[in-house]
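Start from the sequences, fold in the hints, and give me the full structure.
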Amino acid sequence: MLADGIDPIETKHQAKAEAVIKGRTFESVALDWHTEMSAKWAPGHSKTVMSRLKTHVLPLIGARAIVDLDTHDLMQPLEAIKKRGTIDVALRIQNYPQSIMREAKRLRLITANPAYDLEGLIKAPRVVHRPALPLSRLPELQERIDTYKGRALTRLTVMLSLHVFVRSSELRFARWSEFDLKRGTWEIPDTRPALEGVPFSTRGTKMAGDIHLVPLSPQAVALLEKIYALTGKFALVFAGDAKPWKPMSENTVNNALRTMGYDTKTDICGHGFRSMACSALIESGLWSETAIERQMSHKERNNVRAAYIHKAEFIEERRLIMNWWSRYLDTNRQEHVTPHEFANQTGKNVTRIKSKERASR
Numbered sequence: 001m002l003a004d005g006i007d008p009i010e011t012k013h014q015a016k017a018e019a020v021i022k023g024r025t026f027e028s029v030a031l032d033w034h035t036e037m038s039a040k041w042a043p044g045h046s047k048t049v050m051s052r053l054k055t056h057v058l059p060l061i062g063a064r065a066i067v068d069l070d071t072h073d074l075m076q077p078l079e080a081i082k083k084r085g086t087i088d089v090a091l092r093i094q095n096y097p098q099s100i101m102r103e104a105k106r107l108r109l110i111t112a113n114p115a116y117d118l119e120g121l122i123k124a125p126r127v128v129h130r131p132a133l134p135l136s137r138l139p140e141l142q143e144r145i146d147t148y149k150g151r152a153l154t155r156l157t158v159m160l161s162l163h164v165f166v167r168s169s170e171l172r173f174a175r176w177s178e179f180d181l182k183r184g185t186w187e188i189p190d191t192r193p194a195l196e197g198v199p200f201s202t203r204g205t206k207m208a209g210d211i212h213l214v215p216l217s218p219q220a221v222a223l224l225e226k227i228y229a230l231t232g233k234f235a236l237v238f239a240g241d242a243k244p245w246k247p248m249s250e251n252t253v254n255n256a257l258r259t260m261g262y263d264t265k266t267d268i269c270g271h272g273f274r275s276m277a278c279s280a281l282i283e284s285g286l287w288s289e290t291a292i293e294r295q296m297s298h299k300e301r302n303n304v305r306a307a308y309i310h311k312a313e314f315i316e317e318r319r320l321i322m323n324w325w326s327r328y329l330d331t332n333r334q335e336h337v338t339p340h341e342f343a344n345q346t347g348k349n350v351t352r353i354k355s356k357e358r359a360s361r
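Counted from 1, the sequence shown has number 125 at position 125 by full-length UniProt numbering; the numbering is strictly sequential.
No lab work stands behind these hints: they were computed from the structure. Take the hints with a grain of salt, since some may be wrong.
Here are the simulated lysine-lysine pairs, DSSO-like style, with alpha carbons at most 27 Å apart [stated by the list, open to error]:
hint, residue 1, residue 2
1, LYS206, LYS265
2, LYS123, LYS54
3, LYS47, LYS246
4, LYS226, LYS182
5, LYS54, LYS246
Note that this is a predicted model, so its numbers are computed, not measured.
Structure representation (structure tokens):
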């Protein structure tokens, strides 16, 4: 072989290296990648990523040799998710193959990353703005909730949703263990324990790797105490009627609003409570944009600013926000008062407390 210009030792090493590469499957590299990244992630987020990999990606391409995969192969999990209509899941997962193949390239298992061409494959759906009532109709809305003749838990849930303005999944899958009614706090985790037979029951806050803290106003605590009398013996706060180990239907709040006479496509839907609260808080002129955004649990796109917001939290101002909103709702039971008008009644006290908070930072 030497006479032919071929080094048998080098050939043997090369053959051995190729055998090792051939033996590395996509799953083995994906697990290595996950282990490495978990050191940087919150435990809840790490668990979520692993669950998505095992559910959507590894069953389709996990057993394939990493060196044999091309762009078309890597598209398969994303296309399968897309066909099921769960675009939000596909959007969260579409960067995983690229990161995993980047790890394979770093390990010299491949020479080029075929996942780069996946970028932009899944398009975010067009944002649908949820209907919300003008604030001038708050007296009417609250009267209709108060006089709702359906299930008591449903009536209390709709009113609580108006006071705390969290997302539907954040509310619906809530466990009593997340609440401290004495301190007036609700800590929504980024993931929750799965409920058997309940799709998406692990959903928590959309702030990945974080806990969303909801300060509870006295009015919200009072509503939760009434709900506790109905469901306190169960793990779920908003337990289903026939099957209390499962949450109430995702359509419960909107069905109740329809019973009250509202069109949930054009008048108001459960998600619209968030828009109403946000509008009032902004119009009042009392609160910092950062505190409002944090309480709405909107994700900050600026990474430097996000780190600051996470550290600062703005807890005291957010507690004031939640108390102010509940008091504003109470003031709007009989007749409409604008956020600006109500702010003039409460502004001095708010300014004093906010100044004290800034001084303590």
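Checked hints:
no.: 1; hint: LYS206 to LYS265; in the structure: holds, 24 Å
no.: 2; hint: LYS123 to LYS54; in the structure: holds, 23 Å
no.: 3; hint: LYS47 to LYS246; in the structure: holds, 22 Å
no.: 4; hint: LYS226 to LYS182; in the structure: holds, 14 Å
no.: 5; hint: LYS54 to LYS246; in the structure: holds, 24 Å
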